[in-house]
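Given the coordinates of chain A, work out where chain B should sit on it, guided by the hints.
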Amino acid sequence: MTGIIDFIIKLIIWPPLFQLVLLPGLVTALVVVIFIIWFERKTAARVQMRIGPYHISPRLGGFLQLIADLTRYAFQEIIVPRTVDRAVFIGAPLTALVLSVVPVVAMPMTDIPRYFPIPMDYSLIISMGLTTLSPIFIVAAAWASNNKFALIGGMREAFVITAYELIFIISGLSAGLAVLSYNIVDIVEAQAPFYKWILFTNPIAALAMYASILMSTSGFPFEIPEAENEIVAGAFTEYSGLMYGVNMGSAYIKRFVYTLLFSLLFLGGWAPYTPQPGFIAGYLIPAVIVVVKATIVMATISFLRAVYGRLRIDQALDGAWRIFIPIALAGLLLALLEAYMGVYA
Amino acid sequence: MSASPALKDEIKLPGMDLKKIGKDLYEVFIGPQHPGSGHMRIIIRVDGDVIVEADPDLGYVHRTMEKLAEGREFIKVIPLMERMAILDACNITLPYVEAVEKLMDIEPPPRAKYLRVLLCEINRIASHLYGMGIFGVFLGHSTMYMWPFGDREVFVELAEKLTGARLTHTYAVPGGVRRDIPQGFREMAEKAARYMEKKLEDYKRIFLDNPAIQKRLVDVGVISKNLAAKLGIVGPNLRASGIRYDVRIIEPYEAYDEIDFEVPIYEEGDAYARAWIRVMEIKQSLNIIRQVLEKMPQGDPLHEKFWAKAPKLYKTVYETTGRAKLIPLYANLKVPAGRAIARAEAGRGEVIYVVESENKTKPYRVRVVSPSFRNAIVFKYIVPGHRIADLPAIYGSIDYFPPEADR
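For the record, the sequence lines run as chains A and B. Position 341 (the first sequence) corresponds to 341 in this note's numbering; numbering is contiguous. Residues are numbered in this note's numbering as their position in the second sequence, beginning at 1, plus a constant of 1000.
These aren't lab readings, by the way, just hints derived from the structure by calculation. For clarity, every value in this text was computed on a predicted model and none was experimentally measured. Be careful, since some hints might not be right.
With a cut-off of at most 25 Å between alpha-carbon atoms, the simulated SDA-like pairs for lysine to any residue come out as follows [to be verified]:
(1) LYS1199(B) <-> VAL47(A)
(2) LYS1204(B) <-> GLU40(A)
(3) LYS1161(B) <-> GLU1187(B)
(4) LYS1325(B) <-> GLU1304(B)
(5) LYS1380(B) <-> GLY1038(B)
(6) LYS1215(B) <-> GLU228(A)
(7) LYS1023(B) <-> MET155(A)
(8) LYS1215(B) <-> ILE301(A)
(9) LYS1215(B) <-> VAL47(A)
(10) LYS1198(B) <-> ALA45(A)
(11) LYS1023(B) <-> ASP314(A)
(12) LYS1198(B) <-> GLY52(A)
(13) LYS148(A) <-> LYS1020(B)
(14) LYS1380(B) <-> ASP314(A)
(15) LYS1362(B) <-> GLY1338(B)
(16) LYS1283(B) <-> VAL1218(B)
(17) LYS1102(B) <-> LYS1334(B)
(18) LYS1204(B) <-> GLN315(A)
(19) LYS1198(B) <-> ARG46(A)
(20) LYS1215(B) <-> MET155(A)
(21) LYS1191(B) <-> VAL47(A)
(22) LYS1076(B) <-> ALA1331(B)
(23) LYS1362(B) <-> TYR1330(B)
(24) LYS1215(B) <-> LEU317(A)
(25) LYS148(A) <-> PRO1384(B)
(26) LYS1199(B) <-> VAL1154(B)
(27) LYS1204(B) <-> ILE301(A)
Extracted from the complex, chain A is given alone in its bound form (with noise of 0.2 Å):
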C-alpha cells in the first residue's frame, strides 16, 4: 500500500510530469487564464463605465463567474454537424491544446538541474520550436469544419503564423545571443541584477517579441482570425459546448506559454530570487516568481482590449512584415553588438 502511494508521489513529483501538468503546465495554467479572463473583464469594465459580471460571488468581485461559464460551456450541447470532417474536426483542437503547452517542457524554471524536466542546452531553440507546433491544427479544424467562415478564418490564421514565427524567433534568438547562450538557465542568470535585464538593455527585441505574441495569440489590435463582426468566430465558428472552451481555452494557454517564455528572456526569469537547495527552495519559488511575471504581461494584453480596435488583415501582415521583422533585425543587431561588446560576459 505505501509502495503504491510513493509510487503515486514519485510520479506526480517527476519533473517531466509536475511540469507539465502542475506547474507551470496545465493546471497552473487554468488558474492563471481564469485570473486573467476575470481581470480582462473587470479592466475593461472600469474603463467603459461598467462593473462587469458581479452576480455569483459579489465578495470576490465575480471572481467565480468564470467557473460557471466553464461549468455551462462543459454541459452545453456539444453538436458536431453532418458535414464535418469528423475525425479532424474533434482531434485538431484537442491536439492544439497539449501541444499549446507543451513547450513547457523545456523551459527551466530553476537553476537545479535535479528539476529539470529533460536538461539541455539548446532549450531556447526547443521551446521555440515546440510553439510552432499548435497553429497548424487551429488551420486543420477550420478546414474540417467546412463552413465558409472558417475557411476564412483559418486562412487569416495561416497568414498570421507566417508573418509572427519569424519574428517571435529572431527576437527570442536575440535574447540567447547577447548573453551568448542557448541555455535559457544561462540567460536568466546573466539577467540576475535588476538593471540587466535584457528587456532594458535590448528593448528592440522586447518590442518585437512583445507584437508577436500579441500577434498569434490574437491580441488586441490583431485580433483578427476570429474577429466576431466579419467572420462570426473565425475557425471555430462550427464549434459548440465544451469544444469551444477548448478552442478557447488553448488559445489562452497558447498566451501563456508564450509570455513565461517572454518573462524567461526577458523579464530576468526568477530573477530577484536565487533558488536554493530543496523542493519549495528551489523549484516552487522561483517557478511561482516566472509565472507572476508572465501574468503581468498577459495582463498587460488583456488592457489592450480595452484601448485598440481591430486592423485589418492586410494591414497587420503589412505591419508585421515591414515594420516588426526590421525591428527584430535591429534587435538581433543590438544584441550583437551588445555580445561584442561583452555586456554580459
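Coordinates of chain B only, in the frame set by chain A:
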C-alpha cells in the same frame, strides 16, 4: 466544399432563382444571422479576400407599417410609426404630425414648435450615439461600444423627464405637444450638455485619434460627391460627401428658422469623415438645445382648437400641475379630405411622409420614405473593391438601421 449535384437539384423551389456566380468566386452570406449584420443580409462574392460584388438584401424586419396605418385612427399612427426608429422617435414621426396639421389647416403654437425642436435634437444625439456605439463594436473597439451606449442613457433620461417615456414618446401630436417642459429640466439639460461635450473629447482621444481606427477608416468606403447625388443618399452620409443638404436648412420646419446653427460638411466622403460628422452634429445639437431653452417663448404648448373641446377638468389639471392628459378629441380626430406631404431631417437623414385623408377618422394612405431605405443602396456601389474586413467598417459608418428601412 460545395453541395453535391444531386442535392442541388433537390433544392429547386418554385419562384426561386438560382444565380450563377463567376468562377473562382466565393459567395458569403453576411446575415441575417450574423453578429456583424443586424436585421439584414448582405450577399457578397469574394475573390480571395477582396469583395467583387455586394447585394444588400432588405426586408427581414418588414412590419407592413404603411398598411397597418390605414386601419388606425390618426393619433394611433404615431406610436406605430415610432417603431421604425425608437431612438429617433420624435424626428421620425414629426413629418406625419406636420402633414396631418396641414390637412387640418392648423398651426401649432410657437412654444410647441420649440419643444418639438428640443426633443428632436435630444433624439438626434441619442440616435447618433447609438450609431457610434455600433460602429465601435463593428471595428472591435469595445470601449467605443460601451461609452456611447452608456452616455445615450443621459439623453434617454432627458427625454423621459420631458415626455414621460424613455423611447417611444409620442410627444408631438397634431396641434402641439403632449405636455409642457417640467420643472428642473433646464438645469438637467445644461448638465447633460456639459457632460456630453466632455465625453466627445474622450471619444476623440480613444476612437477618432486612435491610430488603429484611423488606419481602418481613412479612405475606406469613399462615396464621391457625384455618386452620393446620383444614388440619392441622405443625411450625415450625404453631408460627409460634401453636399450641403439638410432639411433643417433647405426647408426650415418648426422653429429651425429662428435658431442659429451650423450644418457640418466634410469633403472626403470616407468612413472616417462619416465618423467625424456625427461627433460634430452632436455638438451642433447641444448648441441647438441650449438656444431652444433660452429662446423658448411663453404660452400654451397645444393649439386652442383642441383646448376648446377638452373637458374643463383637463384644463385645471394642466394649469395647476403643468401636465396635460391627452384630450379625448384625439381618439376620434376627423381629418379633412386631402393629401399632404411633409419632410424632416431625422438622425439618419431626410424622412418624408405623404398622408392622404378621406374625411374619416382613419387615414386612407400613409406613405413613408425613410432615410435608411434611401441609404441602403450604397452598399451595392461602394463595398466592391474592399476587403471582407472593410464590410463592418463601411456598414457601421453608414449607420444603416434595418427596422427604419424595412418599416
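Checked hints:
1. Of the pairs offered as hints, the one joining LYS1199(B) and VAL47(A) holds, with about 13 Å between alpha carbons and a cut-off of 25 Å not exceeded.
2. Using a Cα cut-off of 25 Å, the hinted pair LYS1204(B) and GLU40(A) holds, with the two alpha carbons roughly 23 Å apart.
3. In summary, the hint linking LYS1161(B) to GLU1187(B) is supported, as the alpha carbons are separated by about 12 Å, within the 25 Å threshold.
4. Under the criterion of a C-alpha separation no larger than 25 Å, the hint pairing LYS1325(B) with GLU1304(B) is consistent with the structure, at around 15 Å.
5. Between LYS1380(B) and GLY1038(B) the alpha-carbon distance is near 17 Å, which keeps this suggested pair within the 25 Å criterion.
6. Among the hinted pairs, LYS1215(B) with GLU228(A) is consistent with the structure: their alpha-carbon atoms are about 19 Å apart, no more than 25 Å.
7. A distance of roughly 20 Å separates the Cα atoms of LYS1023(B) and MET155(A); the hinted pair therefore holds under the 25 Å criterion.
8. Restraint check: the Cα-Cα separation between LYS1215(B) and ILE301(A) comes to about 21 Å, which is no more than 25 Å; the hinted pair holds.
9. The suggested pairing of LYS1215(B) with VAL47(A) holds, with an alpha-carbon distance near 23 Å, which does not exceed 25 Å.
10. For the hint linking LYS1198(B) to ALA45(A), the alpha-carbon distance of about 20 Å falls within 25 Å, and the restraint holds.
11. A distance of roughly 24 Å separates the Cα atoms of LYS1023(B) and ASP314(A); the hinted pair therefore holds under the 25 Å criterion.
12. A C-alpha spacing of about 24 Å is found between LYS1198(B) and GLY52(A), which places the hinted pair at or below 25 Å, so the restraint holds.
13. Restraint check for LYS148(A) and LYS1020(B): the C-alpha separation of about 18 Å stays at or below 25 Å, so the hint holds.
14. This hinted pair checks out: LYS1380(B) and ASP314(A) have alpha carbons roughly 23 Å apart, not beyond 25 Å.
15. Simply put, LYS1362(B) and GLY1338(B) have alpha-carbon atoms about 13 Å apart, close enough for the 25 Å limit, and the pair holds.
16. Taking the CA atoms of LYS1283(B) and VAL1218(B), the gap is near 22 Å; set against the 25 Å cutoff, the hint holds.
17. For the hint linking LYS1102(B) to LYS1334(B), the alpha-carbon distance of about 13 Å falls within 25 Å, and the restraint holds.
18. A distance of roughly 22 Å separates the Cα atoms of LYS1204(B) and GLN315(A); the hinted pair therefore holds under the 25 Å criterion.
19. The suggested pairing of LYS1198(B) with ARG46(A) holds, with an alpha-carbon distance near 18 Å, which does not exceed 25 Å.
20. In summary, the hint linking LYS1215(B) to MET155(A) is supported, as the alpha carbons are separated by about 22 Å, within the 25 Å threshold.
21. Restraint check: the Cα-Cα separation between LYS1191(B) and VAL47(A) comes to about 22 Å, which is no more than 25 Å; the hinted pair holds.
22. Simply put, LYS1076(B) and ALA1331(B) have alpha-carbon atoms about 8 Å apart, close enough for the 25 Å limit, and the pair holds.
23. A C-alpha spacing of about 12 Å is found between LYS1362(B) and TYR1330(B), which places the hinted pair at or below 25 Å, so the restraint holds.
24. Of the pairs offered as hints, the one joining LYS1215(B) and LEU317(A) holds, with about 13 Å between alpha carbons and a cut-off of 25 Å not exceeded.
25. Taken as a hint, the LYS148(A) and PRO1384(B) pair is honoured in the structure, with Cα atoms around 19 Å apart against an allowance of 25 Å.
26. At most 25 Å may separate the alpha-carbon atoms for a hinted pair to count; LYS1199(B) and VAL1154(B) meet this at roughly 12 Å.
27. For a cut-off of 25 Å, the pair hint linking LYS1204(B) to ILE301(A) stands: about 23 Å separates their Cα positions.
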